[in-house]
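First to last, the protein sequences are chains A and B.
Using the working numbering, read the first sequence as starting at 1 and increasing by one per residue.
Using the working numbering, read the second sequence as starting at 208 and increasing by one per residue.
What the hints contain is simulated information worked out from the structure, not anything from laboratory work.
In this text, a Cβ means the ideal position worked out from N, Cα and C, and glycines have one as well.
Accuracy of the hints is not assured; some may be wrong.
[To be verified] Per label pair, the in silico range of CB-to-CB distance:
id: 1; chain 1: B; residue 1: His420; chain 2: A; residue 2: Ser55; range: 41 to 47 Å
id: 2; chain 1: B; residue 1: Thr332; chain 2: A; residue 2: Gly98; range: 46 to 52 Å
id: 3; chain 1: A; residue 1: Ser55; chain 2: B; residue 2: Gly381; range: 27 to 33 Å
id: 4; chain 1: A; residue 1: His207; chain 2: B; residue 2: Gly238; range: 36 to 42 Å
id: 5; chain 1: A; residue 1: Ser29; chain 2: B; residue 2: Lys255; range: 49 to 55 Å
id: 6; chain 1: B; residue 1: Ala408; chain 2: A; residue 2: Ala38; range: 39 to 45 Å
id: 7; chain 1: B; residue 1: Thr332; chain 2: A; residue 2: Asn173; range: 40 to 46 Å
id: 8; chain 1: A; residue 1: Pro139; chain 2: B; residue 2: Val275; range: 55 to 61 Å
id: 9; chain 1: B; residue 1: Val275; chain 2: A; residue 2: Arg121; range: 22 to 28 Å
id: 10; chain 1: B; residue 1: Leu279; chain 2: A; residue 2: Ala171; range: 23 to 29 Å
id: 11; chain 1: B; residue 1: Asp422; chain 2: A; residue 2: Asp23; range: 46 to 52 Å
id: 12; chain 1: B; residue 1: Phe268; chain 2: A; residue 2: Gly72; range: 55 to 61 Å
id: 13; chain 1: A; residue 1: Ala156; chain 2: B; residue 2: Gly238; range: 33 to 39 Å
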Amino acid sequence: MNVVVLAAAAGLFGLFRNPHDSDIQPVTSLVGRNCAAAPDLASPMVLQYAGKEKSTDAAIEATAPCVLTSSGAALYRVFQLPPRTALYVITVVSMPFGASLLSPRLLLLDAQGTVKRELARDDLIFRGNDLSARFRSHPDEVYLVVESDAGLVGNALSRTAESTNVYVSAAANVIYSIHTGNDVTMQYVYSHTGPIEITLEPLPTPH
Amino acid sequence: MSRTVRVAAAMAALSFVVGCASPEIPYDRSGAGSVHTIGVLTPDIPEKPSVILASDPGQSFGLIGGLVDVSLQLKRDDKLYAILLGHHYTVGQSLSADLVTALQAQGFNVKPIAVSRDSSGFLKTYPTEPGIDAYLDVSSFPDGFGYAAAGIGSSQPYRPFVWLKVKLVRASDGSVLMQDTVMYNPIGTNDKWVTVSPDPAYQFEDFDTLTGHADLSVKGVDVSLRQTADQVGKLLR
Chain A
1 MNVVVLAAAA GLFGLFRNPH DSDIQPVTSL VGRNCAAAPD LASPMVLQYA GKEKSTDAAI
61 EATAPCVLTS SGAALYRVFQ LPPRTALYVI TVVSMPFGAS LLSPRLLLLD AQGTVKRELA
121 RDDLIFRGND LSARFRSHPD EVYLVVESDA GLVGNALSRT AESTNVYVSA AANVIYSIHT
181 GNDVTMQYVY SHTGPIEITL EPLPTPH
Chain B
208 MSRTVRVAAA MAALSFVVGC ASPEIPYDRS GAGSVHTIGV LTPDIPEKPS VILASDPGQS
268 FGLIGGLVDV SLQLKRDDKL YAILLGHHYT VGQSLSADLV TALQAQGFNV KPIAVSRDSS
328 GFLKTYPTEP GIDAYLDVSS FPDGFGYAAA GIGSSQPYRP FVWLKVKLVR ASDGSVLMQD
388 TVMYNPIGTN DKWVTVSPDP AYQFEDFDTL TGHADLSVKG VDVSLRQTAD QVGKLLR
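Start from the sequences, fold in the hints, and give me the full structure.
Below, the structure written as structure tokens:
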């Protein structure tokens with residue numbers, strides 16, 4: 001039988017997405033690292049935003065600077081928020097990589113480095129397979145510090161996702177489809193490192 | 208509703224999971240003004256559960272196979288509904304109580320507000336109850352809750368699901384303070400939905416096993432509603 005696979009369509013409602021492809025290595029111990037008492041705000045990564053949705057890929061890698069937190073040593077990265085008075089929405093997403101996941105702790109600081117808001121643990125939610133925080137900007141917040149949550153690193157997390165696939169094929173001038181299901185339980189270990197994505201966008205209009 | 212219409216509605220229901228996207232509006236507690244008391248409106252959720260087998264060989268046989276599948280699903284729906292009725296379990300009341308508890312856990316004063324809904328979806332206008340600062344409006348997808356299996360076989364068990372759209376509306380001016388979609392065990396992924404992983408304590412290798420463990424299957428529905436409501440509460444932190 002001459003079967004030609006025309007398409008392997010992604011799931012009926014979207015496939016369980018593969019963990020993020022990344023060269024980042026998981027880190028669960030910072031023993032031996034010399035950690036500062038506070039984040040160094042001197043060289044932030046500047047986030048661009050011109051009023052339209054803008055995403056920035058970044059990562060906390062093993063070489064990231066280290067800071068002492070109340071939960072222990074953590075890796076971090078500093079971002080500078082755009083100087084806008086108009087309200088916008090900030091979304092910070094941590095994507096699984098391999099069997100690891102960064103649980104971020106987010107600090108929003110003013111120009112003097114004073115912490116105005118902190119988002120962690122229950123403030124973070126899964127959207128799809130990614131752990132994220134989504135919040136509105138405040139005009140007095142200048143810096144966003146993304147830290148690893150030292151209190152969670154090394155702990156395990158299990159998540160189950162169901163999905164379906166539709167494969168469309170043709171044989172003897174007949175097109176047919178094959179429907180299959182996926183039921184996948186992924187085990188993750190929280191890491192100090194991981195890929196992140198930061199998106200700035202206007203506050204959506206409800207409908 | 209005639210059986211033909213129900214079949215068509217059930218077939219259309221799954222596609223709503225993809226099609227009905229509402230923009231996600233994050234709540235800002237410090238910027239929301241003086242929201243202390245939230246009125247939890249009677250949730251819009253079907254009384255009857257859905258038992259979805261998301262993929263099976265019948266779907267490979269076009270419209271006829273699809274209609275047969277939907278017919279089989281409606282029979283499964285009826286069986287689970289009978290189990291819930293036998294346990295005097297009312298999903299609307301349970302979800303409403305869970306939402307009240309979840310919002311109280313976030314420090315709000317909460318008052319259930321009874322409303323009648325002429326159609327599914329968010330309300331077009333909101334009540335004017337004295338002392339209420341904002342209203343929580345919860346509307347499920349057409350397949351609002353029940354059990355779903357990705358496919359046939361013990362490796363793809365039936366697990367509870369709850370699929371909700373939620374909105375918090377300021378009482379004084381109707382402005383939307385929060386809006387999101389909360390999916391407990393969605394079939395497929397969407398990186399915009401708040402996604403709650405199903406509790407592994409409530410999974411059944413096939414539908415006969417599910418119906419053969421009536422107490423556990425009802426508890427699975429109850430737990431999925433509570434965990435979904437908890438997630439709704441966390442959106443208002």
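(request) Tell me, in ascending order, the numbers of any earlier hints that this structure violates. (result) 4, 7, 9
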